[in-house]
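Engineer: Each protein sequence line maps, in turn, to chains A and B.
Here the first sequence stands for residues 3 to 138, where the numbers follow the working numbering.
Here the second sequence stands for residues 6 to 161, where the numbers follow the working numbering.
Hint data in this document are derived by calculation from the structure and do not stem from the laboratory.
One or more hints might be untrue.
Claimed, not checked - Stretch-level coverage of chain B by chain A, calculated; a stretch enters the list once three of its residues show a Cβ under 8 Å from a Cβ in chain A: (1) 15-23; (2) 26-37; (3) 41-52; (4) 95-107; (5) 110-124; (6) 130-143.
Idealized CB from N, CA, C, for every residue including glycine.
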Amino acid sequence: MMGFTPVGSTLGGLVLGVAISLLILFDGRIAGILGRSFGARGAELSWRLYFVGGLVVGGLLWRIASPGVFGAASSTGLVTMAKGGFLVGVGTTLGNGCTSGHGLCGISRLSPRSIVATLVFVATGMLTVAVTRGRL
Amino acid sequence: MSNGKKKNALAALCGLLFAFGLGLGGMTNPLKVQAFLDVLGKWDPSLMLVMGGGIAVGFWAFRAAKRRAHPLLGGDFGWPRSTRIDAQLLAGAAIFGVGWGLTGYCPGPALVALGAGRIGPVVAVSSMVLGMLATQAVTRQRGRTTAAATATTARS
């Protein structure tokens with residue numbers, strides 16, 4: 003899985019594009035992952051639960067079909083995983099979006115807000131990896 | 006089948022498809038995600054193609070959706086109401102990126118990776134949920150509920 007994977011990555015992207023397209027055209031929803039699931043009610047909550055359920059079941063299917071997609075056991079320590087996960091949760095809530103909401107859906111609808119958000123999180127992500135890997 | 010049930014089935018199908026696309030694209034491998042972010046090291050640009058592929062399809066769907074009054078299964082479009090590029094958006098995106106770089110997981114792939122049966126994704130997902138709840142509690146306390154309310158359609 004490591005190294006440049008132009009075919010798989012392009013195909014994967016096209017599949018993601020189909021998924022976000024079905025959601026917006028049929029149900030008017032923007033494919034957000036966790037979003038405001040906490041505190042959501044009714045239809046707003048139920049589509050999120052089913053969507054997240056699909057993601058988790060999809061992960062289990064990957065495990066059966068091709069566990070290699072999860073990559074080699076990451077060397078990231080659990081404390082870093084916890085800190086980083088917490089920051090992702092904070093950032094996604096403050097910034098109203100993530101890689102999917104802003105990066106895929108937001109840019110697809112040419113939202114200036116999402117384009118800026120995506121540029122910012124890719125930049126700070128690159129900076130973080132540069133620092134943690136001692137590239138600077 | 007009622008429209009409500011159709012919508013739930015659609016959401017589940019899209020979740021499955023999304024998980025398929027993420028795995029195929031390489032997003033469920035945190036080391037690959039970090040290799041994309043490692044521009045000063047051995048850079049792997051693959052994830053640009055994931056995003057590009059998604060946008061190439063999504064662009065047409067969102068264009069068609071914007072011209073419609075209602076989604077095909079009825080109800081209303083949940084368009085985000087906020088268009089402001091403010092400090093909160095920039096801070097949120099910046100913080101998100103740091104966490105993404107540290108873990109190699111953003112929320113979608115982390116949920117899919119729960120299926121791997123490893124401890125890392127479990128820690129990542131529970132910490133994301135904690136971070137979200139903490140932020141919601143703080144912003145609510147500061148009376149920013151209006152911002153939260155406009156974000157019922159919020160994406161994450």
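Engineer: Run through the hints listed earlier and report the numbers of any the structure violates, in increasing order.
Structural biologist: Of the numbered hints given earlier, the structure breaks none, since each of them holds.
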